[in-house]
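Take the sequences, apply the hints, and build the full model.
2 protein chains.
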Amino acid sequence: MKRITILLIAVAVLAGFAIFAAITSRHAPAQEAAPIFGITIPPGYRDWRLISVAREEGNLNDIRAILGNDMAIKAYREEKLPFPDGTIITRIAWNCVPSEENNKLFGRPQSFVPGSAPDWYLQVIVKDSKRYAATGGWGFAQFNIDGKPAAEAVLTNCFPCHQAIKARDKVFTRYAP
Amino acid sequence: MKRITILLIAVAVLAGFAIFAAITSRHAPAQEAAPIFGITIPPGYRDWRLISVAREEGNLNDIRAILGNDMAIKAYREEKLPFPDGTIITRIAWNCVPSEENNKLFGRPQSFVPGSAPDWYLQVIVKDSKRYAATGGWGFAQFNIDGKPAAEAVLTNCFPCHQAIKARDKVFTRYAP
Chain A
183 MKRITILLIA
193 VAVLAGFAIF
203 AAITSRHAPA
213 QEAAPIFGIT
223 IPPGYRDWRL
233 ISVAREEGNL
243 NDIRAILGND
253 MAIKAYREEK
263 LPFPDGTIIT
273 RIAWNCVPSE
283 ENNKLFGRPQ
293 SFVPGSAPDW
303 YLQVIVKDSK
313 RYAATGGWGF
323 AQFNIDGKPA
333 AEAVLTNCFP
343 CHQAIKARDK
353 VFTRYAP
Chain B
183 MKRITILLIA
193 VAVLAGFAIF
203 AAITSRHAPA
213 QEAAPIFGIT
223 IPPGYRDWRL
233 ISVAREEGNL
243 NDIRAILGND
253 MAIKAYREEK
263 LPFPDGTIIT
273 RIAWNCVPSE
283 ENNKLFGRPQ
293 SFVPGSAPDW
303 YLQVIVKDSK
313 RYAATGGWGF
323 AQFNIDGKPA
333 AEAVLTNCFP
343 CHQAIKARDK
353 VFTRYAP
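Going line by line, the protein sequences match chains A and B.
Here the first sequence is numbered in the numbering used here, starting from 183 and rising by one per residue.
Here the second sequence is numbered in the numbering used here, starting from 183 and rising by one per residue.
Because the hints were derived from the structure by calculation, they are not lab data.
A few of these clues could be false.
With beta-carbon atoms standing in for the labels, derived distance ranges [to be verified]: (1) A:Q213 <-> B:Q345: 25 to 33 Å; (2) B:A346 <-> A:D229: 42 to 50 Å; (3) B:T222 <-> A:T338: 21 to 29 Å; (4) B:Q345 <-> A:C343: 29 to 37 Å; (5) A:E239 <-> B:Q345: 17 to 25 Å; (6) B:T222 <-> A:Y357: 38 to 46 Å; (7) A:D267 <-> B:N339: 21 to 29 Å; (8) A:A346 <-> B:D328: 30 to 38 Å; (9) A:R259 <-> B:R290: 28 to 36 Å; (10) B:M253 <-> A:A346: 41 to 49 Å; (11) B:K348 <-> A:R290: 32 to 40 Å; (12) B:P280 <-> A:P291: 19 to 27 Å.
Short, incomplete list of chain B residues facing chain A, as computed with Cβ under 7 Å [to be verified]: (13) G289; (14) Q292; (15) A349.
Small disclaimer: the values here were computed from a predicted structure and weren't measured.
Virtual Cβ for every residue (Gly too), placed ideally from N, Cα, C.
Quick look at the structure:
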């Protein structure tokens, strides 16, 4: 009887492990690194603090939130440049769509909200002045909502534009107070 | 000699207290509560996690970030309605202005970023099903960037609009994944 109890407990423990492993793997699929810079999606970035927001019209037609890790937020708030190694800034973009619900209540077509995710859903820049010395100390990556990295040809466009922002360590986004 | 030392230490400690008090009071000015609902600006709300973003054209012409306290974020992510008592959601709005800097690099006028703060800079809604039973369990407040609450006449407009959003516990903003 004792042996059966021990066996049952052992089976229960193993089942627990199996369920835990299944849940864990579902929430953290193997992450494909972006080309050139070898950047993966930073874990927990959606919990990071807000740096600013933006709206791009034209072909992009998206609405954006720019989030930063603790190092990024500290540097922004203390207005300390250049950003220290380890700074990570993420930019989430959603297709910008009219909110019919809001417009009905406002009585006019004026309200726009995040819709589905465009191909350029998530962009990540990582500061590492040694590793990314050739691109001003920044590594660049882009992922779609399924975590698939954008091709090399997309990433080679990043630095040529970013380097124009000399006064702010090549970062477009300013902190929105 | 011993007595003088003790006296000097006492003076130094008092000076420390005075400096500390001065710094503290500079960072936390006495907060005026909003009318009707008695809401004050939630301490540290600018560090809260992002719920979503939005863009209002027309007379408002602003761009927005919607942040939530831990309770709000949990309820949104678990899709649990109604929001529990203690939920606080803040909405920051900035005047939406073109970014000449970005537009020059994009080669066309498409980029909009946060500018100065409009009078409706900060809105706060607080869930308290007993205290705010008359307004669907929500209290409403608005502050300008200097922390000055909006008048009673502004706040009486909140609930009549919010109550239309029956399916989502009277909250306009959806979570942006």
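Hints and how they fare:
For the pair Q213 (chain A) and Q345 (chain B), the supplied restraint of 25 to 33 Å is violated, since their beta-carbon distance comes to about 43 Å. The hint said 42 to 50 Å for the Cβ distance between A346 (chain B) and D229 (chain A), and at roughly 31 Å that hint is violated. The hinted range of 21 to 29 Å is not satisfied by T222 (chain B) and T338 (chain A), whose Cβ atoms lie roughly 50 Å apart. Distance hint check for Q345 (chain B) and C343 (chain A): the Cβ-Cβ separation is about 46 Å, which falls outside the suggested range of 29 to 37 Å.
The supplied range of 17 to 25 Å is broken by E239 (chain A) and Q345 (chain B), whose beta-carbon atoms lie about 33 Å from each other. Distance hint check: the CB atoms of T222 (chain B) and Y357 (chain A) are about 24 Å apart, inconsistent with the given range 38 to 46 Å. Hint check: D267 (chain A) to N339 (chain B), Cβ distance near 49 Å, so the stated range 21 to 29 Å is violated. The hinted window of 30 to 38 Å between A346 (chain A) and D328 (chain B) holds, with their beta carbons roughly 35 Å apart.
Checking the proposed 28 to 36 Å range against R259 (chain A) and R290 (chain B) shows it holds: the Cβ atoms sit about 32 Å from each other. M253 (chain B) and A346 (chain A) have their C-beta atoms about 42 Å apart, which keeps the hinted 41 to 49 Å range intact. Between K348 (chain B) and R290 (chain A) the C-beta distance comes to about 22 Å, which lies outside the given range of 32 to 40 Å. About 21 Å separates the C-beta atoms of P280 (chain B) and P291 (chain A), a value consistent with the hinted range of 19 to 27 Å.
Proximity of G289 (chain B) to chain A is violated relative to the hint, the smallest CB-CB distance being about 10 Å (cut-off 7 Å). A distance limit of 7 Å between C-beta atoms decides the matter here; for Q292 (chain B) the minimum to chain A is near 4 Å, and the interface restraint holds. Checking A349 (chain B) against chain A: minimum C-beta separation of about 10 Å lies over 7 Å; hint violated.
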